[in-house]
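Undergrad: Protein sequence lines correspond, in order, to chains A and B.
Per full-length UniProt numbering, residue 1 is the first one in the first sequence, and the count goes up by one each step.
Per full-length UniProt numbering, residue 1 is the first one in the second sequence, and the count goes up by one each step.
Hints listed in this document are in silico derivations from the structure and should not be mistaken for laboratory results.
Fair warning: this is a prediction, and the values are worked out from it, not measured in the lab.
The reader is advised that the hints may include incorrect statements.
Derived lysine-lysine pairs resembling DSS-like cross-links, with alpha carbons at most 27 Å apart [as the list claims (entries may be wrong)]:
no., chain 1, residue 1, chain 2, residue 2
1, B, Lys-113, B, Lys-76
2, B, Lys-25, B, Lys-71
3, B, Lys-71, A, Lys-244
4, A, Lys-244, A, Lys-99
5, A, Lys-244, B, Lys-131
6, B, Lys-113, B, Lys-131
7, A, Lys-99, B, Lys-131
Here are some chain A residues the structure puts well away from chain B; computed CB gaps all over 12 Å [claimed, not checked]:
no., residue
8, Val-51
9, Gly-59
10, Leu-220
11, Leu-238
One side only, chain B facing chain A, incomplete, derived with CB under 10 Å [stated by the list, open to error]:
no., residue
12, Asp-94
13, Gln-152
14, Val-232
From the three backbone atoms N, C-alpha and C, an ideal C-beta is built for every residue, glycine too.
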Amino acid sequence: MASSTITPIAPAAAERATRAHPRGSGGQLIGAGAAIAALAIISMFVGVSDVSLPALLAGDQTAWDIFWISRVPRTISVVLAGMALSVAGLIMQLMARNKFVEPSTVGTVESASLGILVVTVAVPGAALLTKMSVAAVFAALGTGLFLLVLRRIPLRNTLLVPLVGIMLGGVIAAVTTFFAYRFDLLQTLNSWMIGDFSGVLRGRYELLWIVAVLTVVGYLCADRFTMAGMGQEFSTNLGMNYNKVMMTGLVIVSLISAVVVVSIGSIPFLGLIVPNLVSLAFGDNVRRSVPWVAVFGAGFVLACDIIGRTIRFPYEIPVGVVVSAIGSVLFLCLLLRKRERRG
Amino acid sequence: MIHVSDVSKRYGAQTVVDGVSCYIKDGGITSIIGPNGAGKSTLLSMMSRLLPMDGGSVSIDGLDVTATDSKQLARKMAILRQENQLTVRLSVRDLVGFGRFPHNNGRPTAADKVHIDQALEYLDLGDLADKFVDELSGGQRQRAFIAMVLAQDTDYLLLDEPLNNLDMKHSVEMMRLLRRLADELGKTVVLVIHDINFASCYSDSIVAMRQGRLIHQGPPAQIMQPEVLRDVYEIDIRIEEIDGNRIGVYFA
């Protein structure tokens with residue numbers, strides 16, 4: 001008898017135990033952070049030049065120079081870009097209320113490239129900061145155009161939204177390519193469109209710290225973006241200024257995209273894959289998922305960059321290519337798994 | 001008290017709400033009924049500042065809804081629209097927690113947790129609190145949203161077709177719940193509803209609309225009359241008194 005009175009309690013208790021850390025506790029986050037740190041350390045010791053721990057410990061000046069001038073800046077920029085692009089993707093998805101968009105599929109990145117092209121032609125030899133500012137303005141205009149078009153679509157079909165974005169991006173990219181061709185800048189254009197960390201050196205990546213700040217701002221506004229993701233009426237009921245939050249998101253996404261395109265080049269699909277994987281695991285309470293998106297994004301790009309540097313050693317495969325290849329496979333698996341769960 | 005004064009809404013040449021005026025007094029349930037396209041939901045949206053009005057004004061406890069700070073209004077009145085498709089994956093507890101936003105600005109306090117727990121308990125959602133909203137059934141999901149507006153802790157609760165997509169069992173449960181909110185918690189509930197019999201059985205007052213105009217307002221006994229309902233719906237509806245409730249028979 002005693003056992004039969006206990007049995008109904010036991011499953012409930014077991015269920016409670018599994019729910020005690022339902023999705024992403026602080027401890028797990030620290031663990032994930034440690035894994036990223038390990039990847040970052042590996043990243044600092046991968047490359048053509050001989051930079052090894054014994055050499056550094058022995059005080060080899062050449063090794064230390066390469067370490068500080070190339071390896072550390074590269075690793076930092078990988079982490080920053082990975083974090084920021086993933087968070088930008090998440091914010092973009094909330095703003096568009098669609099899981100299948102990110103800055104490179106709604107015209108943001110294409111607009112940023114057009115902006116750099118314009119400034120390169122108009123002001124040859126412009127400072128990096130000038131290029132970035134112009135790119136940011138173009139990115140904001142392009143993204144704003146996308147959001148305006150979205151408002152006019154009566155039927156918010158899940159597939160229609162990303163298609164509209166891809167078409168819009170395609171038109172902007174076509175204009176950019178045309179003028180790049182006319183001004184003989186196609187090769188330069190290519191370097192913006194395919195992300196590559198091999199050119200990162202001390203003194204040429206520091207702009208990326210801006211995206212670190214923007215990522216933190218994104219985190220601080222996390223609740224508001226979640227509410228915006230539930231729609232204008234939902235936000236208004238809770239007394240939130242919807243348009244203001246949308247503008248904030250627009251600025252964050254555009255600036256992050258512009259800075260990364262100017263300094264690294266585009267890394268397509270990153271902002272699509274990372275938030276979706278995190279969402280499946282932890283849900284979308286953005287305040288809780290932003291740290292995960294950031295950590296996972298950094299780790300993913302670090303891993304892809306290391307793969308890109310080692311797979312054809314001593315040559316490098318651009319990180320944008322590796323991310324797209326691995327990312328598309330991951331994304332397909334994710335979509336198929338989702339269908340399985342539903343079906 | 002909600003005071004609607006000569007409110008109008010036009011889309012191009014079409015007038016959707018045409019000079020509606022009414023008082024909704026504090027406490028109890030007020031149902032807005034009327035045929036499709038009568039302007040019920042549009043009126044409710046304007047009352048809750050979700051939709052700008054082309055003329056007239058609405059005040060809630062003396063606060064003009066178009067001029068008052070949105071966050072202040074959010075502590076006074078909560079509005080739930082009919083389609084609440086979530087593109088965001090949230091747990092029930094997180095969703096309910098957002099109801100506290102007008103009070104805490106996104107920085108939850110211990111008092112917020114009490115409100116959230118109470119709202120979850122009141123709607124019997126304790127066991128589902130950690131589930132994702134998209135994993136719930138239609139009735140449970142509706143309850144989760146009601147819990148959120150309950151956590152918002154407002155005197156006024158505006159609901160646009162809360163019975164939409166609910167089966168008979170869940171519809172009755174929802175109406176009983178709204179009755180409890182009015183009777184036990186003293187809330188003023190205003191809802192748009194299609195089923196005149198639910199409106200008759202559970203409301204204290206009924207507002208009837210047709211073609212953008214308010215054509216009748218009064219207690220159920222006064223509205224549930226064949227001639228009044230003919231005026232509203234243009235069909236003959238027989239009224240039967242069953243267990244003290246006036247029921248409209250219009251199926252044959």
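Undergrad: Check the structure against each numbered hint from earlier and tell me which ones fail, lowest number first.
TA: Result: hints 5, 10, 11, 14 break, sorted rising.
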